[in-house]
Amino acid sequence: MQRYSGFGLLKNSVQHHENWQRAWRNPTPKKHYDVIVVGGGGHGLATAYYLAKEHGVTNVAVLEKGYLGGGNTGRNTTIVRSNYLWDEAALLYEHAMKLWEGLSQDLNYNVMFSQRGVLNLGHTLQDMRDIQRRVNANRLNGIDSEVLDTQGVQKIVPFMDCTGNTRYPVLGASWQPRAGVARHDAVAWGYARAADALGVDLIQQTEVVDMLMENGTIVGVKTDRYGEIRANRVGCVVAGNSSVLAKMAGFELPLESHPLQALVSEPIKPILDTVVMSNHVHGYVSQSDKGDLVIGAGIDAYTGYGQRGSFPTIEHTLQAIIELFPIFSRVRMNRQWGGIVDTCPDACPIISETPVQNLYFNCGWGTGGFKATTGSGHVFAASLAKGEMHPLAKPFSMFRFHTGALVDEHGAAGVAH
Amino acid sequence: MLSIYCPHCAEHRDEEEFHYKGQAHIARPSDPDKCSDEEWGNYMYFRANPRGIHHEVWVHALGCRKFFNVTRDTRSYQVFESYLIGTSPSITGEQGGQPS
Numbered sequence: 000m001q002r003y004s005g006f007g008l009l010k011n012s013v014q015h016h017e018n019w020q021r022a023w024r025n026p027t028p029k030k031h032y033d034v035i036v037v038g039g040g041g042h043g044l045a046t047a048y049y050l051a052k053e054h055g056v057t058n059v060a061v062l063e064k065g066y067l068g069g070g071n072t073g074r075n076t077t078i079v080r081s082n083y084l085w086d087e088a089a090l091l092y093e094h095a096m097k098l099w100e101g102l103s104q105d106l107n108y109n110v111m112f113s114q115r116g117v118l119n120l121g122h123t124l125q126d127m128r129d130i131q132r133r134v135n136a137n138r139l140n141g142i143d144s145e146v147l148d149t150q151g152v153q154k155i156v157p158f159m160d161c162t163g164n165t166r167y168p169v170l171g172a173s174w175q176p177r178a179g180v181a182r183h184d185a186v187a188w189g190y191a192r193a194a195d196a197l198g199v200d201l202i203q204q205t206e207v208v209d210m211l212m213e214n215g216t217i218v219g220v221k222t223d224r225y226g227e228i229r230a231n232r233v234g235c236v237v238a239g240n241s242s243v244l245a246k247m248a249g250f251e252l253p254l255e256s257h258p259l260q261a262l263v264s265e266p267i268k269p270i271l272d273t274v275v276m277s278n279h280v281h282g283y284v285s286q287s288d289k290g291d292l293v294i295g296a297g298i299d300a301y302t303g304y305g306q307r308g309s310f311p312t313i314e315h316t317l318q319a320i321i322e323l324f325p326i327f328s329r330v331r332m333n334r335q336w337g338g339i340v341d342t343c344p345d346a347c348p349i350i351s352e353t354p355v356q357n358l359y360f361n362c363g364w365g366t367g368g369f370k371a372t373t374g375s376g377h378v379f380a381a382s383l384a385k386g387e388m389h390p391l392a393k394p395f396s397m398f399r400f401h402t403g404a405l406v407d408e409h410g411a412a413g414v415a416h
Numbered sequence: 000m001l002s003i004y005c006p007h008c009a010e011h012r013d014e015e016e017f018h019y020k021g022q023a024h025i026a027r028p029s030d031p032d033k034c035s036d037e038e039w040g041n042y043m044y045f046r047a048n049p050r051g052i053h054h055e056v057w058v059h060a061l062g063c064r065k066f067f068n069v070t071r072d073t074r075s076y077q078v079f080e081s082y083l084i085g086t087s088p089s090i091t092g093e094q095g096g097q098p099s
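These protein sequence lines are chains A and B, in that order.
Mapping of the first sequence onto numbering that gives the first Met the number 0: residues 0 to 416, in sequence order.
Mapping of the second sequence onto numbering that gives the first Met the number 0: residues 0 to 99, in sequence order.
I should point out that these hints are in silico values taken from the structure, not numbers from a laboratory.
One or more of the hints may lead you astray.
As the list claims (entries may be wrong) - Straight-line distance between alpha carbons at most 25 Å, and here's what the computed DMTMM-like set of lysine to aspartate or glutamate pairs gives:
| no. | chain 1 | residue 1 | chain 2 | residue 2 |
| --- | --- | --- | --- | --- |
| 1 | B | Lys20 | A | Glu314 |
| 2 | A | Lys393 | B | Glu80 |
| 3 | B | Lys33 | A | Glu251 |
In this text the structure is predicted, and so the values were computed from the model without any measurement.
Could you build all of it, start to finish, from the sequences and the hints given here?
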């Protein structure tokens with residue numbers, strides 16, 4: 000792999016940038032792999048990378064039906080934070096946060112991780128009680144978190160309407176300074192490039208159409224383009240299409256796939272240097288390095304696989320944004336899109352063994368998977384390498400919906416992505 | 000935006016007037032005390048989530064406030080029909096398949 004550096008940039012600029020190596024190969028798949036990862040998004044690519052790097056399992060293929068990072072990895076609002084309420088979730092997301100902090104160096108790829116802090120606003124007394132409870136829980140788990148009052152919020156975002164004249168006045172917020180944003184495409188590309196350099200085969204435009212089973216054990220997958228590809232273990236990381244793949248393997252998952260929409264404005268001068276999210280009025284916004292406001296809507300209530308949603312959902316979010324930031328009222332919106340998110344009844348992911356031997360699923364991240372890309376890939380890779388779930392992944396078994404051991408994160412994950 | 004026919008009001012109205020209430024035709028176990036953990040978990044949390052034909056409950060929240068069922072394609076979002084609760088859909092298909 001060609002290492003990226005300031006010197007390399009200089010050298011290549013002299014050559015008019017004509018001699019850069021391709022970032023990854025485009026191989027024809029082998030007949031057999033140790034591990035097949037289905038799904039070439041951030042989580043799948045991270046899984047493949049950590050399999051090769053930390054566990055020495057390099058005979059790995061990533062199968063992607065579209066192009067790398069073209070699903071929810073390229074459609075989210077790029078927010079990274081770890082201030083979750085329950086121990087199980089907080090430890091998992093904090094594990095991810097620690098990996099984020101060294102990711103650019105680790106991958107030799109600038110993922111533009113910017114720890115600009117995240118505000119989760121409270122608009123009612125109950126909001127504030129919940130925030131205090133969550134902040135205390137965070138601190139017990141070693142996660143940086145603070146409770147701010149109205150003045151504290153106003154100090155961080157001076158142009159937010161904190162006057163108390165709004166329908167839902169800002170009473171305070173939780174504040175995680177280490178949280179922030181990262182460039183989502185770069186995360187997928189960085190993992191892809193680093194995994195490819197370690198020998199992982201990235202197979203794009205290849206859809207899995209069936210699972211090959213022998214005596215309740217998976218032995219490989221059938222693809223539309225290359226026929227049967229065999230493997231010792233298969234890990235599925237396919238977000239919105241998890242239910243469809245689980246059905247191929249003959250079992251069901253407690254997931255519902257919903258459209259989730261986001262939009263960006265025209266680029267404007269730097270104004271917002273942090274991330275503002277509000278569960279209560281249902282909106283969140285940050286400003287990208289390019290200058291556009293990145294705004295996330297809520298999920299559409301109905302289920303859908305169409306990668307698009309309904310207009311009222313966007314309208315609802317923009318009403319909230321305008322109420323908080325009257326100064327944005329005449330900013331024009333540039334683009335709007337949707338992704339399919341697989342939501343779990345308890346708003347926590349499924350990282351799990353399945354009723355089928357050697358088949359593993361990593362799904363159910365719902366509206367908030369991007370922030371966990373690093374940690375999710377890390378624990379899933381360990382689980383695939385050893386055939387036994389990583390300790391941090393154990394509470395997220397799919398069988399918890401039968402035992403009743405749910406991890407109810409609706410408070411921390413419900414809206415804020 | 001979806002345009003949904005309310006069988007109670009006998010009118011097509013915009014999606015904004017309705018609320019989605021999840022999968023239709025889920026039968027509550029007749030004797031919950033006798034359910035195994037698996038049966039109860041399946042009833043509580045496991046939904047069909049097909050890519051294709053889906054039967055679902057909607058409520059006309061800003062209208063007559065009555066519940067009814069809808070058949071919809073989850074890929075194209077096309078709404079095929081509305082029918083009263085307690086009746087059967089006229090459009091069915093294999094879960095996730097084409098309408099028949």
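Consistency of the hints with the structure:
1. Our distance criterion of 25 Å between C-alpha atoms is met by lysine 20 (chain B) and glutamate 314 (chain A), whose separation comes to about 21 Å.
2. For the hint pairing lysine 393 (chain A) with glutamate 80 (chain B), the CA-to-CA distance comes to about 43 Å; that exceeds 25 Å, so the pair is violated.
3. In summary, the hint linking lysine 33 (chain B) to glutamate 251 (chain A) is supported, as the alpha carbons are separated by about 22 Å, within the 25 Å threshold.
In this structure, the one hint that does not hold is number 2.
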